[in-house]
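Asks: Construct the complete structure from the given sequences, taking the supplied hints into account.
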Amino acid sequence: MTDPTSRMDTSAATEFQRRGMPRWVKVSLLVVVALIGVFVILSLLGVAPGDHGPTRHVPGGGAPASTAPEHGPGMHDR
Amino acid sequence: MIMTAGWRKLVLTTHLTFSIGWVGAAVAYLSLGVAAVRTEDAQMIRSAWIGMELIGWFVIVPLALASFLTGLVMALGTKWGLFRHYWVIFSFALTLFATVILLLHMPTVSSTTDIARTADAATLKGLGGDLGHPAIGLVVLLVVQVLNMYKPQGMTRYGQKKQQRPALVREARPERGT
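One line per chain: the protein sequences are A and B, in this order.
Numbering follows my numbering, in which position 74 of the first sequence is assigned residue number 71; successive positions increment by one, without gaps.
Start counting at 1 in the second sequence, then tack on 428, and there's your number in my numbering.
Treat the hints as calculated values from the structure; they're not laboratory data.
Keep in mind that a hint or two might mislead.
Under the rule of at most 30 Å between Cα atoms (straight-line distance), these lysine-lysine pairs were calculated in the BS3-like manner [as the list claims (entries may be wrong)]:
1. B:Lys437 x B:Lys590
2. B:Lys590 x B:Lys507
3. A:Lys23 x B:Lys590
4. B:Lys437 x B:Lys579
5. B:Lys437 x B:Lys507
6. B:Lys579 x A:Lys23
7. B:Lys579 x B:Lys590
8. B:Lys579 x B:Lys589
9. B:Lys589 x B:Lys507
10. B:Lys589 x B:Lys437
11. A:Lys23 x B:Lys507
12. A:Lys23 x B:Lys589
Remember, it's a predicted structure, so these values are computed and weren't measured experimentally.
Replies: If you want it as structure tokens, here you go:
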């Protein structure tokens, strides 16, 4: 990929940078938001990969104290 | 504070060593996870989980923390800064995310390994492996590597202000002298 600022003089390059957030940042943020959204929806539906609820990483996992061990057989990928 | 060229090279070498080591260790962990999923041999599953726990706590966690800290030093000790360029912010956030998930996931690996140590063959076959975390972790690490190598353009407002300030000072100095 060519650098669009390479053919500009210094002031034009500076002006180019001042335009605000570059496209790659906007696209990346959209991808991150979409991934978080998909993850949250799957978790709420209970179909997250590997039974991966949002509280799984929290000590205790929000589960009753009697459900030991915290990470029982079959919770990982098969 | 900007590091001298000598210090910068030393910290950069250290940071690259830890970061590449982290990727390599994650691949090793993933290979054990795949082995645990694919094999029918109960002893292999037990060994794989014990191996994953050892690699996780004694290789991946130290490398991740060292990579995170040396990356922080690199950002703060060079002209790039931590919040001046979008690629640095993304790289920092992804590394922090990977490190936090790793630290939260490892106790789970330990508890599964504890089960694997004493479980019978049927239970061991039910344990499966650990593919999701290392696979996603590797993707995140590779994205960070690409960002750090290509350094895509884009400066934050904070970075632009920081860049303008020295120029304004330079312009103001001759006026003061006259």
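Asks: All the hints need checking, so say for each whether the structure fits it.
Replies: Checked hints:
1. B:Lys437 x B:Lys590: At roughly 24 Å apart (the allowed maximum being 30 Å), Lys590 (chain B) and Lys437 (chain B) satisfy the hint.
2. B:Lys590 x B:Lys507: 10 Å, holds
3. A:Lys23 x B:Lys590: 23 Å, holds
4. B:Lys437 x B:Lys579: With Cα atoms ~18 Å apart, Lys437 (chain B) and Lys579 (chain B) stay inside 30 Å; holds.
5. B:Lys437 x B:Lys507: 14 Å, holds
6. B:Lys579 x A:Lys23: 16 Å, holds
7. B:Lys579 x B:Lys590: Roughly 19 Å separates the two Cα atoms, so the pair holds.
8. B:Lys579 x B:Lys589: 20 Å, holds
9. B:Lys589 x B:Lys507: 14 Å, holds
10. B:Lys589 x B:Lys437: Status holds; Cα separation ~27 Å.
11. A:Lys23 x B:Lys507: Holds. Lys23 (chain A) to Lys507 (chain B) sits at ~24 Å (cutoff 30 Å).
12. A:Lys23 x B:Lys589: 21 Å, holds
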